[in-house]
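Line by line, the protein sequences give chains A and B.
Per the numbering used here: the first sequence ends with 554, consecutive numbering throughout.
Per the numbering used here: the second sequence ends with 360, consecutive numbering throughout.
No lab work stands behind these hints: they were computed from the structure.
Don't be surprised by glycine CBs; every beta carbon is placed ideally from N, CA and C.
Fair warning: there could be bad hints in the mix.
A partial selection of chain A residues facing chain B, derived with a Cβ cut-off under 10 Å [unchecked claim]: (1) 454; (2) 455; (3) 456.
Distance windows between CB atoms, simulated [claimed, not checked]: (4) 358/B to 23/A: 55 to 63 Å; (5) 546/A to 121/B: 34 to 42 Å; (6) 75/B to 366/A: 37 to 45 Å; (7) 266/B to 176/A: 49 to 57 Å; (8) 25/B to 257/A: 39 to 47 Å; (9) 121/B to 344/A: 18 to 26 Å; (10) 179/A to 297/B: 51 to 59 Å; (11) 31/A to 66/B: 48 to 56 Å.
Residues from chain A that keep clear of chain B, each with C-beta distances beyond 10 Å, as calculated [claimed, not checked]: (12) 135; (13) 352; (14) 463; (15) 476; (16) 477; (17) 539.
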Amino acid sequence: MSRGRGSQWLGALVAVVLAWIVVYPLFLVFVEGIHTPGGWTLEAVGRFVRERNEWGALWASCWISLASVALSALIGIPLAFLVARYHFPGRRVISGILALPAVLPPLVGVIAFLFLYGETGFAAHLFQYVFHLEEAPWRLQGPGAVLLVHAYSMYVYFYLFTRAGLQRLDPSLLEAAATLGAGRWRMLRRVVLPLLWPALGGAGLLTFLTSLASFSAPYIFGGGFRVMTTQIVSTRLNGDIPLAMVETFALTVVALLGLALLRHSSRNGDRSGGSKGVAPEPRRLRTGISRFLVPTAVWCLAVFLILPHLTLLLVSFVPRGTWTLEAVPPVYSVGNYFTLFQDPVRLRPMVTSLWMATAATVFAVATALVVAILVLRRRVRVAALLETLLEVPWAVPGTVFAIALATMFSVNAPLAGRVILVGTLVILPLAYFVRSLPITGRAILAGFRQLDPSLEEAAATLGASRWRTLRRVTLPLLRPAIAAGASLAFATAFGDFLTSVILYTYDTRPISLEILGSLRQSDVGVAAAYGVMLMLISGIVFALAGERAGGGVA
Amino acid sequence: MSAEPVAGGADFLVLRDLEKRFDDHRAVDQVSLGIRQGEIVALLGPSGSGKTTTLRLLAGFERPERGTLSVAGEDITNTPPVARRFGMVFQHYALFPHLDVGGNIAFGLESLGVTGSELIRRVATALELVELGGFERRRISQLSGGQQQRVALARALAPEPRVLLLDEPLSNLDPSLRERTRRELRALIQRVGTTTVLVTHEQEEAFDLADRVAVLNQGRLEQVGTPDELYAVPRTPFVARFVGRTNEMRATLVAVEGDRCRVRLAGVEWSLPTNAAVAPGPVQVLARPEALGMVAPGPDRLTGKVLARRFTGAQGFFTVALGDGTTIEVAADPWAVRVGDRVGLEPKDRGVHLFPHEPA
Ligand SMILES: Nc1ncnc2c1ncn2[C@@H]1O[C@H](COP(=O)(O)OP(=O)(O)OP(=O)(O)O)[C@@H](O)[C@H]1O
Ligand SMILES: [Mg+2]
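Work out the full structure: start from the sequences and follow the hints.
What follows is the structure, given as structure tokens:
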């Protein structure tokens, strides 16, 4: 392909715009931590270093994240082994259910958990009823609760990575080990686990980063227990901007250390066998007891894991104030949903979330496509820079990014590249857009990389203009990648809480904040109905995307 | 190295001093070649010799650093691929998987503005040309390898290109299918009469398919000629080695006598036909297996011992070890000698070529 000058200029322009929106806000955060109207100062840094609370929160973030990794691994890895290695009824349904938390908004998970295990939740109700207790039997709060919620949703990384790793395992390796007389345990210890190591390492670090960035769980279940993300938001609410900036910086450093580790481990290479290999055939269970035990265990675990979401569904049908002392709600109706659609004030957040997520998705997909074309087809000089810029928001916790955008767009200084957007309709879609760039970019770039360039060359020799080639060849072939990238972007934006909570205004409040608002007013049923709508619409989007992806290319 | 002289107005497609660099490496180096209308030319060479790059220069996917390209007298050096009206069959066919067979073939015709019943008719004609009549609605994934190759060919030919480019057109087929497809492909191209340039690294394929073969080596054009010419009169040692089998022997040219010369080799003297390129001094003798005759051993004869025989039916290939340990391959009647026999070797006039000594 020729390296036209137009492409070079466009590449440079896109790089500048991306840097402005992705890197510049972060830079401003770090400057504002050490710069006050009075001049340069390390005063806030000093306060951070001296304050025990600050170190406590930083330490809490780290240990909670490490513990989340351990607990998630404990759940996710065995599940993956069971599902990948054994045949049992409903195996496909189970593997779908188990992957759900990967696509459900974290806030929904947290709320669902609250409805099931919270002090006024379903389980507590049942307990109270059975033992005739006056008080709630437990309080779901503090680090233990946060950890539990994390494990509940983040096991999915271990589960998915391990399953993918198992699928790529070359069965001939296992057969070789068996012919060499390796017993089952020795095979697991000496062959399977070492081969899975890169996948497990990847899952571990992803869990670590997600848990480090987690906001809704500590925000809702933390109580007095502070982690870095909640600490940042509360410091900022208290108006101590410089300290919030220093905290943001500290959290970013920890996240970047984690990321560096991840990069390092993935560079060490994929050891899952030289040849591609076919996934080992799932084994049929032979002996009587395991034939019964394994499916039961897996099914129980799966039900246990989706129980919170089922509770959410149940609660969404319970009218306000009808459920007090009974074990199960006595009255059911679709009234909450009616409220949602008939009360304009209630409907508004849904419409807002919908259009904001759609706008963010459209821009993210368009940006990813332009970058992919510039990087992979036009081979612009700034290709590596462009790809890195797309990835940056992934390395930085969402809270940090939201703070950075809030900082950058709350000042009107066009010459410094800053305008006031906070409080306008633009800021939230912009934040969603930036946050979904890495995942959308990855999906679309990966799809583009798999596209044989000679297909586009063939179109050119057949006299098709660039535009016609794009429309008739490139885009149709990229449909699965675009569908995947778009649905992921949409789901992230649609259910977003941690960016929204920092950047929203009353007029632009999205569903997540309305859920929180309803909970505060003890309007539990409506909150649940919102949660169900979030799940439902995300689910529909994913289903549509799956169909798109499957449809075109045979 | 000698570049083929570009003949004047008779040539339809002309490559003049083409040069393409990747970083500092010259993938195509001063290639000049004239191709007549309707001619089939094969680019033949070992891996990395610049065949694909030359083809991509012709298609317009790469721009040459130097040199020009013209077709029918029109300079197309800077014409983008879209505007060249060249058809191309890609190595892996590059059929559009999201379109059916008919959609693939219609693609190029639509670029020309063909629509409606005319489009349908021309798609059908193109498919009949490759004996796939009625395949319009088939999906690409439902075709066999050979059928895909033919669809790719039909797609390239449908818009009636000025030049047809084929990149390793048969390399994706089963060996058993290849030979038959080769003949069909040649017949088809000749029937359509399109000027064709194809790339291959298999000599047999080039010889079967092409009117003329251009041998490439490290980006340079070594020789262009009909298969017979390349075999009988290789212009360089590379061509002699690459086209057909050959034995290499070091020798010293003693004297030139008219159109013959005397060379000393392993202590014996041979009289060989000479050529303008050689002068008294060290030379290389490149002899085809069938250009050496086996005779009774003698003191003034190149003598060796038969080590092995490879039997191919009509002919036997004998490996003969000389006194200094070098081995020579000789083609002869399979029952002429037996393994273990001592034989003398005599050169024939056809198939022995002299070249100046190449410093290693
Ligand atoms: N895009 C490129 N960038 C850098 N070098 C290239 C590129 N394409 C080809 N080359 C180099 O140019 C030389 C010629 O390559 P080319 O693909 O034309 O060879 P070829 O004759 O087609 O070989 P093969 O038979 O293996 O296909 C090789 O050394 C190759 O490494
Ligand atoms: Mg090639």
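Cross-check of the supplied hints:
1. 454: holds (4 Å)
2. 455: holds (5 Å)
3. 456: The hint holds - residue 456/A has a Cβ within 10 Å of chain B, the shortest such distance being about 9 Å.
4. 358/B to 23/A: 55 to 63 Å: holds (58 Å)
5. 546/A to 121/B: 34 to 42 Å: holds (40 Å)
6. 75/B to 366/A: 37 to 45 Å: holds (39 Å)
7. 266/B to 176/A: 49 to 57 Å: holds (53 Å)
8. 25/B to 257/A: 39 to 47 Å: Since residue 25/B and residue 257/A have Cβ atoms about 41 Å apart, the given range 39 to 47 Å holds.
9. 121/B to 344/A: 18 to 26 Å: Cβ of residue 121/B to Cβ of residue 344/A: about 60 Å, so the range 18 to 26 Å is violated.
10. 179/A to 297/B: 51 to 59 Å: holds (56 Å)
11. 31/A to 66/B: 48 to 56 Å: holds (52 Å)
12. 135: holds (64 Å)
13. 352: holds (36 Å)
14. 463: violated (3 Å)
15. 476: Non-interface label fails for residue 476/A: nearest chain B Cβ at 5 Å, not farther than 10 Å.
16. 477: violated (6 Å)
17. 539: About 27 Å separates residue 539/A from the closest Cβ of chain B, which puts it past 10 Å; holds.
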